[in-house]
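K.L.:
The chain contents come next:
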Amino acid sequence: MNPRNSCPGITRRSFLADTGMGFTGLALGALLYRDGQLQADALPESEDQKWTPPTGLPQTTPRARAVIWIFLCGGVSHLESFDIKPALNQYAGKSIAETPFASVLNTEHKNVLGGNPGHGNRKTLMPLQTGFRRYGESGLIVGDWFRNIGECADDLAVVRSLWTIHNDHGAQLTWQTGRHPRELEHPTLGGWACYGLGSMNENLPEYVVLGAPTGDCCGGTFTYGASYLGPEHGGVRLNTDPKNPLPFIRPPANSITTEEQTANLGLLGRLNRMAGIDYPDDLQLRARIRSYELAFQMQTSIPETLELDREPEHIRRLYGLDQAGTKSFGEQCLVARRLVERGVRFVQIFHGGGGGGAWDAHSDIKKNHTSLSDQVDVPVAALLKDLKQRGLLDNTLVVFGTEFGRSPGAEGSGRDHHPQGFSAWLAGGGIRGGVQHGATDELGFHAVENRHYVTDIHATVLHQLGLDSRRLEIPGRKRLEQDHGSVIHGILA
Amino acid sequence: MICRTPILVSWIGWLRFLLAVDLLAVPISRTEATPANKAALEHHFDRFLVRKLARCTTCHLPSEVKNPKELVEFPHNPFGDRLRQIGEETRQSGRPFDLDGRLNRIASEDADGDGVDNRTELLLGHNPGERDDIPGPAERTAAAGRLAAFEQFLTGYRWRPFDPVRRPPVPAVRPAPGGFERRNPIDDFLATEWMQRGLNPRPVAPREVLLRRVYLDLIGLNPDPEEQAAFLADDSPTAWEKVVDRLLEDPRHGERWARHWMDVWRYSDWAGWTDGNQVRDSKPHIWRWRDWIVESLNADVPYDRMVTEMLAADELAPEDPNALRATGFLVRNYKMLSREQWLEDTIKHTAQAFMGITAGCAKCHDHMYDPVSQREYYSLRAIFEPHQVRTDRIPGQVEVARDGLVRAYDNTNAPTWFFVRGDERNPLTNEVISAGVPAALGGKLEVDEVILPSSAHHPDDREFVRDDLLAASAKAIAAAQAAAAEPASATNSTPEKGIEAALQLDLLEKKHRVLSEQILRERSRGAVATSDLKVDNAATNLVLLQRTVSVAETLLRLHQTRVAVGADPTKASADARKKLEDATRSHTEAVVALAAPLNGQFQARTRETFPARSTGRRLAFAKWLTAPQNPLTARVAVNQMWLRHFGRGLVPSAADFGRNGRPPSHPQLLDWLAAELMAPDPSTSSDSRGTANPVATITHGNWRMKHLHRLMVTSAAYRLASTPSEDSRTADPDNVFLWRMSSRRLEAESVRDNLLKVAGNLDSTRGGPEIDHQLALTSTRRSLYLRHAAEKQAEFLQIFDGPSVTECYERHPSVMPQQALALANSELALRQARLLARRLQASFEEDPARAITEAFRSVLARRPTAGELRECHSFLEAQFQPVARETGSPNRALENLALVLLNHSDFVTVR
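So the sequences go chain by chain: C and Z. Each residue of the first sequence is one higher than the one before, counting from 11 in my numbering. Each residue of the second sequence is one higher than the one before, counting from 280 in my numbering.
No wet-lab data here; the hints were simulated from the structure. Heads up, some of the hints might be wrong.
[Said to hold, decoys possible] Below are the DMTMM-like pairs computed for lysine to aspartate or glutamate, each with C-alpha atoms no more than 25 Å apart in a straight line: (1) C:Lys488 to Z:Glu619; (2) C:Lys253 to Z:Glu1106; (3) Z:Lys1071 to C:Glu314; (4) C:Lys133 to Z:Asp645; (5) C:Lys253 to C:Glu314.
Turn these sequences into a full structure, and let the hints steer you where they fit.
P.N.:
Structure follows, in structure tokens:
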């Protein structure tokens, strides 16, 4: 099924066509030319081509077909993870002005933020709170908090020159949509990817959310929503507990037969489409029709996907399922792999969600980051290794990000928010491994070399999926230049 | 990405003004040459005023006196002098201070005689009172554009959420587009925008759609088929108003809107462990606050009164237990684990719920967007610092753990300190911060200490408490007697237990006599102030009674210890022997004490006592908050109401009216509605536009919410169809300008309530203790009565985007397969489908088409179309035979049809 067209030209007839003509007859047309045809010819590129809704085909040759989008809530220290700054040890306790790098505060880039950055204005340098070393042939330097991920250095492309526009945890929403949190709801990257390409299967949602998402303070449900692209392209939250993957996953015993369910679904689909004729632009209705068809399939597909007991012991161990500290996040990473294997397009994993976010180490960053990195380091490394050994890493793009970095200056025993420069990494899906792209200054204060706003990551992901966000744009929905971002060509294979 | 809005610039102006007031001690003379003039200048020119001219020297000559006190020391320049002259004139004519008017009047004059008029000079950044400061020729060429922009700015409506509300005039609209028939001022404001933007309003929605829309909106439930028929048959011009008035008087209206306000006011039942033995968040019995909300809304208690009671009923009406329930608003923030978090939540959410400002941000630093300094945050904190929560007894229940009135009161003298960077480990203890409010919001906190009546500080001295204690004691005796009298009861199964029961009974009886004597003395204390011998005798008697209680108590314990130790103490452990020794000694001592001389020093009844005074800070805050001069309170309230009637706030960020929020789509309308809430215009209280409405009984008076509800839902805009039209949709895809009604998904509670309602299974009982959330699928009460707390929420409701316990200023409905599963597979939905099918059976046997129509009218509140009828008919035919054979239930096909309709998109959608 190809229910898109949230656009002008919607007519009563197109509504019927778009939402399929009934359960049994739907989806064939759309599904046939999706999966397995990712190498389809690129559409002709012309500047002024007339806008048409996405066909579900990639617009350019894709390098990835699925994305695992890992997001660490609260702001991970770039300085002690993937952008190690030994100068902080050398000048610990000194003010920035007392170091040879006093000029870092005076770059032309210092005013990326709106308002007065009360956060992140710490000037007395704090030494690194963890050790670090080089990994792999690329010699990537990684903090000891992420030593297992460090082992995968030659698969990673670290972008060390990110910046964002909000100095509080609303930046979590910015990471997902590219917009200032004040602007509330906008489509997330996952929403765009799914809108552009649609589903690769009819049994599972195209966009799945695992873990506890960002709290209401900082974007809440908007951080995995699709906004005006329609809720059918928004993320669907799943628990990883196979005993209770989804409430009401099956009807009570002996209450209703599968035949009855099928007949009911058929009638429901026909009635909903009839009632929707007067509301051809109702994206909620479109999504609801799709959600019923999906839910019917999910009654069997979801429990099956979550049966992690079926994984061999060495795989379970690899993801840390045998350790209390890593079990929860390990399960999410393993489920992510199984979802991708089964044709889910976009898996978004939150770690430390709720409130401002667990990584928000205003005090005792050593304790905070040690304990949290212990939860994610092993599972994320396992995910990379496992995808690789299955050959899935070639067409699965893994992104590891956070809303901002943490200040080089001390805030007591912690570090403050730091949107002026921070890091993320990408791996797989046609990304060149062992790359360090861009740089912050010597103290990790400002991104100075090959600076990238967060939507450059979005543009890169879409590009690898074979999409160009400019060609996805919907008439009447003004997108800013900044929303589109620019592909980071330096990290592509 | 960062939009420099006019609001931003005007705020910088305001802040500068505030700083000036604070720090510079600028001279105040008898004339109004005060910083207020400078502020008014900035206010007038807003973003058009260059920094250089936002100074005293725009109107004054540079002073040579360091701290000028009088105007003579700081004389005006020609521009300022002219302003002063006109000011004198207006004052003499009795008109109020109005710098705007004066600046406009002399705009085209040339005060300094340099050949360029005042306004042009000001706009170009040159001093209008300084002859040598002249714009160059190039600047003058560019002046026209700037003048035009400024004039447009002057005539346009200015959204100033931090200025007091002024009622804007209702725009005069020429015939509105598309034959739109205006019905009240709301329509005029909306139509103005349509015309300016070339939008065409949709026609009026079909009557079935309208009726269901307003039912769901005002009472949260579908109309019955009979109510649908009555409305469709009523062709009088006031049919709609009649329905609206009836629904607003329906007690279910209070339930529906209570749930909305419970979102905004963060209702939460208690959370914690082991049946309330460890309460971590909120408090047991807080449901009384929920009932207060429902009742107050139904009684149309003015909003300002409601806000005041929630913040300070204990200071406003300390003897009114009904009003005290309102302080659940404060109780809700109780946090066992952290008083800091408790106060932080209280401040943050009080500011957001009532004022739409994120004052909580200022805990650690001055607010980055809005005029709330960190210091002001702590003065807000000082308002709440003294308050605590407690549970008072209610008539008929002496155990407050079982039931009671949970409420706020002032208890502590804890000082408020400024926390450096918001860190409570780093307080500045050299200065106690006093209670206050953000200066930029105007007004002042006028705190008067409240002397409380004795019933408030000695609640256990209330007569009903005494009666209840005596009754409870007598009841315990009766129960013990009954148990002792029963030969083979658990208490009598062994001789030891028999003795224990007898000792227990004896103790209870003795305690009862003590209690009776104590209460007798309390009651007669006023009457027998003259100490006579009889009183002393009574006191002596009471002492003796209390000693016999000790004897009985120790004897009971001794007996219990002996039984526990066993027949042969030598075989018991050392620990047990020690216990036995202790119990024996205690008993001996009690017996010896019996014989000691009687001294009249009896123990009074244990009674809780609380401070006799309350700081009055919260009451003062509530008064400030609800004063008509407060710029935010009414605006935020009407916006919350609008959001729920129209699906989108006029200010889209309902809990943030600050610079980090989003500007309103219709600032005039919002201001007009805010003014209307505080003081309704006589012309709006009856329909002045011709369609006389004899039914409407408008409650006159301020802050009445039903008046606003009525205005909104009787507007023509509310009645528009929600179907799209191509042209308007292209121009305004989000329907920001309300050219149609927005389709919406029902809130979680309404989905569940309607499931029960359409099957005729909804229990209409109102109020009372919360219902276990785990009963959500089997209880038939309305959803607002289900327990809602951290880790205690009905899953069914959460799937439909039920409110977050932490905060929920606005619902964000999603569409998820989980919702499909909940409606298709849950026992709740399946049972309602069965019940509904049973009701349809009779019609079905007569004529299947009739059953289908009935089912549509019950579930979707509309008749089926011919096509729908056909589809359902063939579904029943196909299903009836084979399924019936399998299950033996003739009803099975009807059940499936009912289930399909309960899953119909229209069931969860408001069109």
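K.L.:
Now, for every hint given, state plainly whether the structure supports it.
P.N.:
Verification of the hints:
Simply put, lysine 488 of chain C and glutamate 619 of chain Z have alpha-carbon atoms about 44 Å apart, too far for the 25 Å limit, and the pair is violated. In summary, the hint linking lysine 253 of chain C to glutamate 1106 of chain Z is supported, as the alpha carbons are separated by about 18 Å, within the 25 Å threshold. Between lysine 1071 of chain Z and glutamate 314 of chain C the alpha-carbon distance is near 29 Å, which puts this suggested pair outside the 25 Å criterion. The suggested pairing of lysine 133 of chain C with aspartate 645 of chain Z holds, with an alpha-carbon distance near 18 Å, which does not exceed 25 Å.
About 11 Å separates the Cα atoms of lysine 253 of chain C and glutamate 314 of chain C, which keeps this hinted pair within 25 Å; it holds.
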